[in-house]
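Novice: Listed below are the residues making up each chain.
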Amino acid sequence: MSNKKKLPRAPHTASIPPRGGASPTPRGMKQDDAFEEFHEALKLDPDELEHARLFPYKVRDALKAGGVSIDHSFLQGSLARGTMVSPFKDIDMIATLDVEEHGDLRDHAEGTDLAMDLAEKALGKHLAEDYPELTFPDRTRHALQISLGENLPSFDLVLGFEVSDDKVGDVEIANRDDGTWDTSNPRELKRAISNRNKTCAGKFIHVVRMVKAGVKTRFHTDFPGLVVESIAFYALSSVEDHASACARALEQGGQLLGGPILEPTGRDDLAPRIDHIAPNLTANAKLWFTDAGKKAQRALDLAAEEDHDAAIDLWCGIFGEPFPCPESKEAVASVAHDLSFGTLAARPTRSWRSH
Amino acid sequence: MAITLADVLNDPVQAGDRLKSSVSAVGSISIERRTDTFVVFRVTLYPDGVLARESFPVEEALVWVFADGRILAVPGSGGGRTWRHRNGIGGDLCLWYADDPEGLRWEWSLGLEEYVRIVHRHLVYEEIYRRAKAWPVEEAPHGTPLGRWAIRTEEMRRAARGRA
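Residue numbers (the numbering used here), protein chains in the order written: chain G, 1 to 355; chain D, 356 to 519.
Keep in mind the hints are simulated off the structure, nothing from the lab. Please note: incorrect hints may appear among the correct ones.
Under 10 Å between C-beta atoms, here's a sample of chain G residues computed to sit facing chain D [said to hold, decoys possible]:
1) L49
2) H51
3) N175
4) H276
5) P279
6) T290
Take a look, some chain D residues computed to stay more than 10 Å from chain G by CB distance [claimed, not checked]:
7) R388
8) D391
9) G404
10) E409
11) L459
12) H477
13) K488
Just so you know, these numbers come straight off a predicted model, no measurement behind them. Cβ atoms here follow ideal geometry from the backbone N, Cα and C, with glycine treated the same way.
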């Protein structure tokens with residue numbers, strides 16, 4: 001016996017008998033087509049995307065009008081890298097302050113909050129005309145949160161200083177908790193993802209979005225997206241098709257989680273931040289990715305045998321919507337009943353235990 | 356033809372191959388251990404249909420087959436989960452009530468593949484219990500009474516009589 005030996009597989013009705021014993025009619029969608037639909041469904045709204053891309057320029061103009069001199073402003077985070085999944089919220093951006101005008105903030109004990117005070121005042125005055133519902137809900141460790149109102153994306157504005165004049169390297173960003181300006185490399189990270197995406201003929205970011213969407217829907221809504229990107233980065237040096245790439249990324253997650261997870265530039269280990277979100281999140285994530293990886297591989301095998309319905313069922317269990325899942329005509333309860341009393345059920349038994 | 360005890364003991368590799376081709380939920384099977392007195396199969400079971408869509412987990416079961424005919428199944432994956440019908444902590448799955456009629460118990464004449472289907476069903480039911488806090492079909496009450504536990508539902512009574 002070897003797992004590599006190709007054996008004819010028993011028909012599905014052997015273990016999950018449909019009512020009446022009839023074979024289900026194939027649904028007609030192939031695995032690759034399902035992934036194409038999934039990819040399309042994950043695309044961000046183009047109007048929202050355009051608004052988000054232009055917003056850093058509005059921020060720069062508003063800050064400037066309010067007397068805050070800006071060196072550069074740009075998107076960072078998953079939107080900048082092309083790996084964002086909806087909803088459109090908490091979009092990350094950075095505005096670097098002119099060091100000649102505002103460099104003294106770096107030496108001030110409360111410089112990080114003072115910088116945010118300046119920004120909030122300037123934006124509050126000079127963005128309000130375009131965004132009457134503008135508010136600043138909170139300040140996190142690094143960012144000033146900007147809410148533009150209902151049905152508009154929200155932003156997290158990080159203030160910082162350029163480390164060098166070329167504006168392609170690191171930035172020093174405000175850390176309110178410690179009162180420091182910490183080195184950050186969002187541009188390097190964006191370049192790493194962009195280069196990998198080119199190597200993968202533009203499909204790397206598709207796969208990242210798919211896996212992120214599945215993690216968010218099926219596992220934990222707050223699981224760090226950058227961890228998912230990092231797992232995919234180490235799993236995928238090429239992408240032939242979405243399905244097999246997703247399978248590799250999921251399997252890699254099951255292997256990597258529990259140990260260090262370096263982000264794609266290799267400078268930071270993301271693993272410690274996972275369990276800050278919820279207790280035992282790393283261990284549970286490892287279980288989820290391992291399970292998903294096994295199902296994904298099984299789905300690939302089924303699709304190779306032309307059983308696309310069964311493959312898609314497994315992918316639905318991994319991703320959830322907006323993966324094109326068929327409408328369930330049967331409830332779990334009726335399937336469970338059929339496992340004991342259906343036409344092809346195994347012998348019914350009454351489970352028990354002695355204590 | 357059903358996979359017999361002799362089939363397992365004489366040629367567990369072939370028995371495993373036959374099991375994989377007989378039970379559609381079995382995705383892979385390997386021999387975990389083998390001695391003169393027992394064989395342990397590691398069986399990987401996959402959800403399909405609505406169970407797959409509802410994200411039921413991949414299950415692994417270690418099926419111990421002893422030369423004297425005893426057989427038991429122990430979960431081989433998903434540590435840390437709670438179990439409704441399992442003998443002790445880390446024990447085997449309690450697949451049937453030992454004092455139930457023949458129609459509600461497994462025996463070797465039904466074959467190893469039927470046993471594995473029962474194991475698969477039990478693992479599905481355990482997951483349903485974790486989610487819904489209800490066992491999908493009649494269970495025998497826990498513990499050992501004086502005499503047998505009465506069968507309460509008509510479906511189980513029919514099955515006990517051999518007419519499911």
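Novice: Look at each hint and say if it fits the structure.
Specialist: Comparing the hints with the structure gives:
no.	hint	verdict
1	L49	violated (30 Å)
2	H51	violated (35 Å)
3	N175	violated (36 Å)
4	H276	violated (21 Å)
5	P279	violated (13 Å)
6	T290	holds (9 Å)
7	R388	holds (14 Å)
8	D391	holds (19 Å)
9	G404	violated (5 Å)
10	E409	violated (6 Å)
11	L459	violated (5 Å)
12	H477	violated (6 Å)
13	K488	holds (13 Å)
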